[in-house]
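*Asks:* The listed protein sequences derive, respectively, from chains H and C.
Under the working numbering, think of the first position of the first sequence as 2, with each following residue one higher.
Under the working numbering, think of the first position of the second sequence as 4, with each following residue one higher.
Just so you know, the hints here were simulated from the structure itself, not pulled from any lab data.
Every residue, glycine too, gets a C-beta built ideally from N, C-alpha and C.
Keep in mind that a hint or two might mislead.
Chain C side only, calculated, beta carbon under 8 Å to chain H, not exhaustive [as the list claims (entries may be wrong)]:
1) ARG285
2) GLU289
3) HIS384
4) ASN385
5) ASP389
To give a feel for the contact side, a few chain H residues facing chain C, derived at Cβ under 8 Å [to be verified]:
6) ILE6
7) ALA10
8) ASP23
9) GLU25
10) MET59
11) LYS64
12) SER65
Label-pair restraints from in silico Cβ distances [to be verified]:
13) C:ALA341 <-> H:THR58: 28 to 36 Å
14) C:GLY88 <-> H:SER61: 45 to 53 Å
15) C:ASN397 <-> H:PRO27: 20 to 28 Å
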Amino acid sequence: MANIIISQATEGGLTFYMPKKDLEVPVKSLEFNQPHKWGGALTLADGQRYYIDPLDTMPSLPKSLRAKRMD
Amino acid sequence: MAKLNKEEAQALIQEVLEVYPEKAKKDRAKHLAVNDTAEAKTCVTSNRKSLPGVMTIRGCAYAGSKGVVWGPIKDMIHISHGPVGCGQYSRAGRRNYYVGTTGVDSFGTMNFTSDFQEKDIVFGGDKKLSKLITEIEQLFPLNRGISVQSECPIGLIGDDIEAVSKASSKEIGKPVIPVRCEGFRGVSQSLGHHIANDAIRDHVFDREGGSEGIEPGQYDVAILGDYNIGGDAWSSRILLEEMGLRVVAQWSGDGTLAEMEQTPKVKLNLLHCYRSMNYISRHMEEKYGIPWVEYNFFGPTKIAESLRKIASYFDDSIKEGAEKVIAKYQAMCDEIIAKYRPRLEGKKVMLYVGGLRPRHVIGAYEDLGMEVVGTGYEFGHNDDYDRTRNDVGNATLIYDDVTGFEFEEFVKRVKPDLVGSGVKEKYIFQKMGVPFRQMHSWDYSGPYHGYDGFAIFAKDMDMTLNNPCWSKLTPPWKQRPEAEQKAVA
Numbered sequence: 002m003a004n005i006i007i008s009q010a011t012e013g014g015l016t017f018y019m020p021k022k023d024l025e026v027p028v029k030s031l032e033f034n035q036p037h038k039w040g041g042a043l044t045l046a047d048g049q050r051y052y053i054d055p056l057d058t059m060p061s062l063p064k065s066l067r068a069k070r071m072d
Numbered sequence: 004m005a006k007l008n009k010e011e012a013q014a015l016i017q018e019v020l021e022v023y024p025e026k027a028k029k030d031r032a033k034h035l036a037v038n039d040t041a042e043a044k045t046c047v048t049s050n051r052k053s054l055p056g057v058m059t060i061r062g063c064a065y066a067g068s069k070g071v072v073w074g075p076i077k078d079m080i081h082i083s084h085g086p087v088g089c090g091q092y093s094r095a096g097r098r099n100y101y102v103g104t105t106g107v108d109s110f111g112t113m114n115f116t117s118d119f120q121e122k123d124i125v126f127g128g129d130k131k132l133s134k135l136i137t138e139i140e141q142l143f144p145l146n147r148g149i150s151v152q153s154e155c156p157i158g159l160i161g162d163d164i165e166a167v168s169k170a171s172s173k174e175i176g177k178p179v180i181p182v183r184c185e186g187f188r189g190v191s192q193s194l195g196h197h198i199a200n201d202a203i204r205d206h207v208f209d210r211e212g213g214s215e216g217i218e219p220g221q222y223d224v225a226i227l228g229d230y231n232i233g234g235d236a237w238s239s240r241i242l243l244e245e246m247g248l249r250v251v252a253q254w255s256g257d258g259t260l261a262e263m264e265q266t267p268k269v270k271l272n273l274l275h276c277y278r279s280m281n282y283i284s285r286h287m288e289e290k291y292g293i294p295w296v297e298y299n300f301f302g303p304t305k306i307a308e309s310l311r312k313i314a315s316y317f318d319d320s321i322k323e324g325a326e327k328v329i330a331k332y333q334a335m336c337d338e339i340i341a342k343y344r345p346r347l348e349g350k351k352v353m354l355y356v357g358g359l360r361p362r363h364v365i366g367a368y369e370d371l372g373m374e375v376v377g378t379g380y381e382f383g384h385n386d387d388y389d390r391t392r393n394d395v396g397n398a399t400l401i402y403d404d405v406t407g408f409e410f411e412e413f414v415k416r417v418k419p420d421l422v423g424s425g426v427k428e429k430y431i432f433q434k435m436g437v438p439f440r441q442m443h444s445w446d447y448s449g450p451y452h453g454y455d456g457f458a459i460f461a462k463d464m465d466m467t468l469n470n471p472c473w474s475k476l477t478p479p480w481k482q483r484p485e486a487e488q489k490a491v492a
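Isolated chain C (complex conformation) (with noise of 0.2 Å):
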């Protein structure tokens, strides 16, 4: 099907919004719209609480704090504050990938819960914590610290986990970081990150005890808001090595507590993911004076961009080595392209994530021929959606907080080449015959950053769209009459 235009879209977006009753129609108009390049400011309302009764594809506060931002911090142990699930059914799901030894000095996949009972309820939890923190003390010298993630109930029943974390800090001698994520809190996993932003401001920086580390030099850069996924930081990091900078913390994926320490001596902070990490970047920016921007590493021509963009912060010597990294890498890239893209070319794609996926990853499309048709923010906030407008083209649809009905009708009408969005659409739309990847984590594959990420990408979404199975979707019982009528006529 041809792309919509303008008034196509905006019928669409109007017929899906006829099922809804008054109030609730009325209230997701807002969070609908169509892409004009021509206006000056997204008229997307975002940021709001969701619908009662709608399928939204959110997640809590918790996961914003324990699964993005403090979880892949390795050295350190995350416990899980509160009844077991929320840690037991997040672990180890985001693929943040780490160098250690599991169990030993590093606790990325392992999960540490309270294991919350009904009289941890009824009488508080604080004792328990506390001997929690002692038994894991014991039984896993080599952690360099705790954070305490709460869970709902510590919330509701009012535990001062911060008074227990002072306290068991002072018996250890390590850091314990309370950490007030309560899913409850905000509208969205968005929240989340911003309290953990918070928490790592209040008690990572500047701490007491902290350690002195490593010497400063002028080329020190920290990657801020790049998890990991697939190995996603690693791919990102050899290419700003090569150019010259050095690259002395990771945030948060394979990072260390001793990493987040030395940021604030850095002298360009490089963020990537900026929904979940722009409050400690300004914090940093203010207090530290510490310069960051914002860069893109998803196919060439954006990080090529990025690299530059990079690179005027620094002297030239710097600037002559992120030529000399493009360069480097024109070949491979000119290849892959020669290769996948005319099997992808023409294609649409329509994508539904979180973070900073719906606007980054419109760059590789692009470099491979292909056209994203609809994007949208689980949890984006404004700022997000005023980026996002000048990377789509016009007549694009945007959906923030798209709930489950109208992103399916959406598909249904759009008729795009290639979905991507999170598991929980996966298997929805792969039973409807549309090739899906999942893009929250790479689809088990990656790393997707940095040119050598480019070529799996590239390879990725080529055996998914191009995939035999989506002809076989119909059972051949089923399509004999067709195939009939082919042979009558």
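Just chain H, with the same shape it has in the complex (with noise of 0.2 Å):
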């Protein structure tokens, strides 16, 4: 686990923020981005995929949140 920030991307979609790694970059997809649940797997743009719980509301951005690595 550990703590990244989802904030809004300057030219549209989002982006991905792990201060730990210094990794900025844009998310791909994620699962779940409807207004009542949001969350789920993302896929970042370099191929990597996390793990966030989704959310039953869509949160205001820029987020902290805690994501999991998968595979």
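Using the supplied hints, reconstruct the complex from the two chains, each of which is provided in its own coordinate frame.
*Replies:* Structure, rendered in structure tokens:
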């Protein structure tokens, strides 16, 4: 589990930022992106995959979250 | 010498690495690369521990916190808590200019230290610290607050500076901020920046008994990560004010505690040094919903680009203001470029600095027709290198945490016309006959930010590069054989 920040990218879409690794990459896909369910599996532009526990409401971005590495 | 192509640059790196033992070679190879704009990511490893035995140019966490982030806040007293040396040898070295009467209401260039002795190491220095704070309050009653910047021994002996700070804060009725920036933390000064940012977040924002501040306006902005080296923040500030924005805070050059407390109410955070203040910008974005934007005030091309980028966050009056500012200074810039470009055209530069400069000053050099053939960060992270990739051309050498040996070898082979780095490198290269500018504090010159700064930047580069002294480095008695040879021929 690692702390991450998801924020709105200036070019549209989302940005994934992990302070510990200085990783700043665009998010390619997000599993759940609905008003009542947000989160799930994340695929980053560089191919890495992370999982965040789905939230009941869409958060206001940027948001600090805990993410788990998949695979 | 013509610029190296990609293969030559790769070969150069391999050749330089040859002297290291196998393990060190493997490690250092990851930190050196040749830029390739076609690739999606940089392949430079950064923010790793320096190798034992090599000459690194990095600083420590205390340098990052006291020297960079906290030190320039002028109306607070920053105690270098620990032995006397750390504070004394770094005192006033960074030339963070400020307005105020030193010793009365401003304390920027003064050194306050608890001067640890053997007995403090053995019995702990908490009592000394609390006595010191009481004394400071008596002697300098106009201070607005105190920060306790820990040096290595504080962490080693386990002093509880947080408890002392809390008690002392109650006693003097002003904020006393403990900062756990012991020098041994992290691999470079970079962690010191982070610790300092976190201390501001925890102890300055939403502080009980903090000042009310001024009425927030719709054009309020804060300058983050500008340390007013030689007056940099002032030459940036006037441009922003001319385009109609209200600069309510400067972090932290010429800054005050009240300005920091005002910052959560601004409309936009302007971030110059990404490395040292992105942490607090991200925090303010999340907690207070303040967007932040990176900008670059080196050289007219980048200034115009940045002014337009900043203006895009505001309404049309600001956008018009930005265009007016750009138009107003255009004539001045053309004049500077017309004067200096012919003298500097085609010259090659190698940089090795910290923070934002390895990528930010490239634009200014390009405006003068110069080319950056090598650049590197002392303490950059991956995100810095990702940002650098687009600013430099193909086949540019990129070196992270370069060692003294590697840097010298690169300069010997690439033969740049100018090297920009710190004071530790200055005299080595000058003795080698390479023109050198100390780019940490602008070689006792400055400001370099903004349009006014560009004029000084261009003059300084010309003054250094075209100085007649560089042809006089070989004494006449050593020159003679060559002259005779010429005569014979």
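*Asks:* Work down the list of hints and note, for each, if the structure agrees.
*Replies:* How the hints compare with the structure:
{"no.": "1", "hint": "ARG285", "verdict": "6 Å, holds"}
{"no.": "2", "hint": "GLU289", "verdict": "5 Å, holds"}
{"no.": "3", "hint": "HIS384", "verdict": "4 Å, holds"}
{"no.": "4", "hint": "ASN385", "verdict": "4 Å, holds"}
{"no.": "5", "hint": "ASP389", "verdict": "7 Å, holds"}
{"no.": "6", "hint": "ILE6", "verdict": "6 Å, holds"}
{"no.": "7", "hint": "ALA10", "verdict": "12 Å, violated"}
{"no.": "8", "hint": "ASP23", "verdict": "4 Å, holds"}
{"no.": "9", "hint": "GLU25", "verdict": "5 Å, holds"}
{"no.": "10", "hint": "MET59", "verdict": "15 Å, violated"}
{"no.": "11", "hint": "LYS64", "verdict": "7 Å, holds"}
{"no.": "12", "hint": "SER65", "verdict": "6 Å, holds"}
{"no.": "13", "hint": "C:ALA341 <-> H:THR58: 28 to 36 Å", "verdict": "59 Å, violated"}
{"no.": "14", "hint": "C:GLY88 <-> H:SER61: 45 to 53 Å", "verdict": "47 Å, holds"}
{"no.": "15", "hint": "C:ASN397 <-> H:PRO27: 20 to 28 Å", "verdict": "24 Å, holds"}
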